[in-house]
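There are 2 protein chains.
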Amino acid sequence: MAKASAKKNAFYAQSGGVTAVINASACGVIETARQHKDKIGKVYAGRNGIIGALTEDLIDTSKESAKAIAALRHTPSGAFGSCRYKLKSLEANRREYERLIEVFAAHNIGYFFYNGGGDSADTCLKVSQLSNSLGYPLQAIHVPKTVDNDLPITDNCPGFGSVAKYIAISTREASFDVASMCKTSTKIFVLEVMGRHAGWIAAAGGMAASEDCDLPILILFPEVPFNEESFLKAVQEKVDKYGYCSVVVSEGVHDKDGKFLADQGLKDAFGHAQLGGVAPVIANMIRSKLGHKYHWAVADYLQRAARHIASKSDVEQAYAMGKAAVKMALAGKNSVMPTIERTSNKPYRWKVGEANLSKVANVEKMMPASFITKDGYGITKKCREYLGPLMQGEDYPPYGKDGLPKYVQLKNVAVKKKLDSDFEVK
Amino acid sequence: MAKASAKKNAFYAQSGGVTAVINASACGVIETARQHKDKIGKVYAGRNGIIGALTEDLIDTSKESAKAIAALRHTPSGAFGSCRYKLKSLEANRREYERLIEVFAAHNIGYFFYNGGGDSADTCLKVSQLSNSLGYPLQAIHVPKTVDNDLPITDNCPGFGSVAKYIAISTREASFDVASMCKTSTKIFVLEVMGRHAGWIAAAGGMAASEDCDLPILILFPEVPFNEESFLKAVQEKVDKYGYCSVVVSEGVHDKDGKFLADQGLKDAFGHAQLGGVAPVIANMIRSKLGHKYHWAVADYLQRAARHIASKSDVEQAYAMGKAAVKMALAGKNSVMPTIERTSNKPYRWKVGEANLSKVANVEKMMPASFITKDGYGITKKCREYLGPLMQGEDYPPYGKDGLPKYVQLKNVAVKKKLDSDFEVK
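Protein chains in written order, with my numbering: chain X, 1 to 426; chain V, 1 to 426.
Chain X with its partners taken away, still in its complex shape (with noise of 0.2 Å):
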């Protein structure tokens, strides 16, 4: 019964900011531990991230059916609960770590799947030490995650994509509306999208103009310091050219001193602070520089959970990053993470790529400067031969007859607790 014995479950937890795919990262690694199941047992998922871990709290995917598995694939969101919560180093809180080999030696896991974004790339990596440094055997690997597209090595990542797709439409479609409206209305639309380091879904904006459909669309990036007179000079020019001007802004936009623009001190009619969004104020001052009349919208979780237009390529590439992770494990791999490998633009083409998670952790990816154009507003041929091919595709969820897309809500049953000692999570 050697065999048996050697056979070891597998633990997967999502991390941080949920995504429109993580789910398919989900089901590709369910789905492909489950035609392994002579090297893995069960796939328990941490409820709500890696607490799940440290207080216990599995859940059996196994009681999930085939299908419901499957609906992972087109369901946004973390289907298993995610949470905001990074390890501290194993000298600062080694209770942490110990206990985590309490409950994986409880439950015979062997393999730790991580699935989100820099900081979790970093708890992973700490995890994948414990072999070494705690005794404990296990396989930890890291499945790329972040709409913020800030992960090195990668050539991009799963729910960025998506996101990407939604805001350039988003900001199509509101641009043709505004258009419209131009002559005796609304001449200025404004759209705050995510990224408070990173402009690469602000980028994304730029990419609603094309070749084929000429719209005039001002970027604000976190890279690029704000200036007030420049900036309302480019919307101007834009208004006197077209009529209207769309502008997309990212809500880490600030100034040459590193004040964001979202913070302006608003305070409500008894004196207390409010906390409004960058689009507001970009629009305000718009208006009362220049007199013109605005509308703006704030896209928040709109945008990242918009499962119903998602990328194909990005569905694709998050289950690939899932499936490539389990067979990592079963390579006898450690502390490392499946990437995104770009070998061709026209046709786009990718391939599986591996990258150490030392390499990956804590490193913050920004956009490169050539992919911003001179006057700061806008994305560069470069930029536009990036991003294309990650928006790529439509890969639609199935629809009720009551024109809601089907998302499945799975079962979540709850693994028998075996330790009889309880863990505070602070």
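Do not take every clue at face value.
For identical chains, the list gives no copy identity; a pair is met inside one copy or between any two copies.
Claimed, not checked - Below are the SDA-like pairs computed for lysine to any residue, each with C-alpha atoms no more than 20 Å apart in a straight line: (1) Lys401 / Glu385; (2) Lys312 / Lys406; (3) Lys256 / Gly378; (4) Lys293 / Ala66; (5) Lys406 / Glu394; (6) Lys37 / Ser210; (7) Lys7 / Asp38; (8) Lys238 / Gln409; (9) Lys86 / Lys293; (10) Lys88 / Ile101; (11) Lys346 / Tyr399; (12) Lys7 / Glu237; (13) Lys351 / Thr32; (14) Lys312 / Glu394; (15) Lys86 / Asn362; (16) Lys241 / Val413; (17) Lys327 / Thr55; (18) Lys312 / Lys401; (19) Lys312 / Tyr399; (20) Lys426 / Thr184; (21) Lys406 / Glu211; (22) Lys293 / Lys426; (23) Lys256 / Met285; (24) Lys241 / His292; (25) Lys312 / Asp395; (26) Lys416 / Ala106.
No lab work stands behind these hints, which were simulated from the structure alone.
On the provided structure of chain X, position chain V as indicated by the hints.
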């Protein structure tokens, strides 16, 4: 040659806020007119709505290819430009009506198709009376359009079904997102939607939850005076039960004294009044009183321009209204509007009806009380049965290789002016 001289040209204009499907109505008008070249000459569109008629700025739609006109069916916004401009009464501004007749006479226009909402129906009614009042033979037909769904007689308004679908899907997607995050982070998601007087669009947010998709959603209708205490209690109940809560708030929500919640007297650091949306007001209220972390979004133009996820029912009806308007004109009718008559809920069946414009103009259809749950925060089964069919089916636009929908930008060739007088629109 009596027959040839009897052939009149048609005028078509788009009015008020545009929608995802108003161009589908334009497509219906133009394609149907092209099928009856024996009776209808050219279709001239008003550039920027009725202003185009007043300033003799007409667009010759015969210069557009059949392919371009067909593409209007899947292109959001107003392809010829719209305007917010309401004609005064004949008594108050006779000069405007005389000018319209001058322009129409100069271009042999005998048919007037006006595509808009309540205000536009009023304008169309006035124009339809010109035959009698000023002796110019003209048949005026109104083509219904409004995301607000507030026109009387017709079961629903083209434009609304697609916004409803977009808001329901977005609410479902964002609710899945916050459900994933609520353990350690965001517990509240607030989505602000259009609807200053009627809560039809907000109601659509309630469709996000269904029998097979359990989600905690609260709706704030303009029809229900806002009560902070009761609302916060309802929010906390959802958070207690589900761990999170989504709120769909209409921009027109106000308290029992009629004060808009969006109008909170916000001032910037310099003491200038700032206009924010109602979403951040609700979100801040929840955080300050209940302590929950939040995210909020303002959909704004994104919701009414979202052709990428338009409802199939809506697209079909928008087209059918345009087509029916032309058929009515050919049948010699004047001062009417085609309507949508629902004949069955399950399966959804509808037919084209007809309303007299005098019964449409200046009548606003509000949400019936029977559509709102007793607590004021939800929709009833009756409301669901009404809304469901309007959101049914998907009607995807074609996409390019760049992952973006192919929306048409027309050439919009101007008709040569025949009058030597200018007209100033005030």
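Outcome of the hint check:
Taking identical chains as interchangeable, the C-alpha atoms of lysine 401 and glutamate 385 lie at most 20 Å apart only when they sit on different chains, with a minimum of 12 Å there against 39 Å within one chain. Taking the closest pair of Cα atoms, lysine 312 and lysine 406 come within 20 Å of each other both inside a single copy (18 Å) and across two copies (17 Å). Taking CA atoms no more than 20 Å apart as the test, lysine 256 paired with glycine 378 passes inside one copy only; the shortest distance there is 19 Å, against 47 Å between copies. Neither within a single protomer nor between protomers do lysine 293 and alanine 66 lie at most 20 Å apart by alpha-carbon distance, with minima of 53 Å and 35 Å respectively.
In this assembly of identical chains, the alpha carbons of lysine 406 and glutamate 394 lie at most 20 Å apart whether taken from the same copy (16 Å) or from different copies (13 Å). Within a single copy, lysine 37 and serine 210 get their C-alpha atoms no closer than 48 Å, and across copies no closer than 36 Å, so neither meets the 20 Å cut-off. With identical chains, the CA atoms of lysine 7 and aspartate 38 are at most 20 Å apart within one copy only, with a shortest distance of 7 Å there and 80 Å across copies. Proximity of lysine 238 and glutamine 409 under a CA criterion of 20 Å is satisfied inter-copy only: 18 Å between copies versus 46 Å inside one chain copy.
Taking the shortest alpha-carbon separations for lysine 86 and lysine 293, only the inter-copy value of 18 Å comes in at or below 20 Å, while the best intra-copy value is 44 Å. For a Cα distance limit of 20 Å, the shortest separation of lysine 88 from isoleucine 101 inside one copy, 15 Å, qualifies, whereas the shortest one across copies, 78 Å, does not. Taking identical chains as interchangeable, the C-alpha atoms of lysine 346 and tyrosine 399 lie at most 20 Å apart only when they sit on different chains, with a minimum of 17 Å there against 32 Å within one chain. Neither within a single protomer nor between protomers do lysine 7 and glutamate 237 lie at most 20 Å apart by alpha-carbon distance, with minima of 66 Å and 45 Å respectively.
Proximity of lysine 351 to threonine 32 under the C-alpha cut-off of 20 Å is restricted to the intra-copy arrangement: shortest distance 18 Å within a copy versus 50 Å between copies. In this assembly of identical chains, lysine 312 and glutamate 394 lie within 20 Å of each other by CA distance both inside one copy and across copies; the values are 5 Å within and 18 Å between. Proximity of lysine 86 and asparagine 362 under a CA criterion of 20 Å is satisfied intra-copy only: 12 Å inside one chain copy versus 59 Å between copies. Taking the shortest Cα distances, lysine 241 and valine 413 sit within 20 Å of each other only across copies (18 Å), while inside one copy they are farther apart (59 Å).
Taking CA atoms no more than 20 Å apart as the test, lysine 327 paired with threonine 55 passes in neither setting, with 28 Å inside one copy and 69 Å between copies. Only between protomers do lysine 312 and lysine 401 lie at most 20 Å apart by alpha-carbon distance; the minimum there is 12 Å, versus 24 Å within a single protomer. Taking the closest pair of Cα atoms, lysine 312 and tyrosine 399 come within 20 Å of each other both inside a single copy (17 Å) and across two copies (12 Å). For a Cα distance limit of 20 Å, the shortest separation of lysine 426 from threonine 184 across copies, 11 Å, qualifies, whereas the shortest one inside one copy, 56 Å, does not.
In this assembly of identical chains, lysine 406 and glutamate 211 lie within 20 Å of each other by CA distance solely across copies; the values are 12 Å between and 36 Å within a copy. Taking CA atoms no more than 20 Å apart as the test, lysine 293 paired with lysine 426 passes between copies only; the shortest distance there is 17 Å, against 48 Å inside one copy. In this homomeric assembly, lysine 256 and methionine 285 come within 20 Å of each other (Cα to Cα) only inside a single copy, at 18 Å, whereas the closest approach across copies is 32 Å. For the homomeric pair lysine 241 and histidine 292, the shortest alpha-carbon distance inside one copy (14 Å) is at most 20 Å, but the shortest distance between copies (46 Å) is not.
For the homomeric pair lysine 312 and aspartate 395, the shortest alpha-carbon distances inside one copy (5 Å) and between copies (18 Å) are both at most 20 Å. Taking identical chains as interchangeable, the C-alpha atoms of lysine 416 and alanine 106 lie at most 20 Å apart only when both belong to the same chain, with a minimum of 11 Å there against 84 Å between chains.
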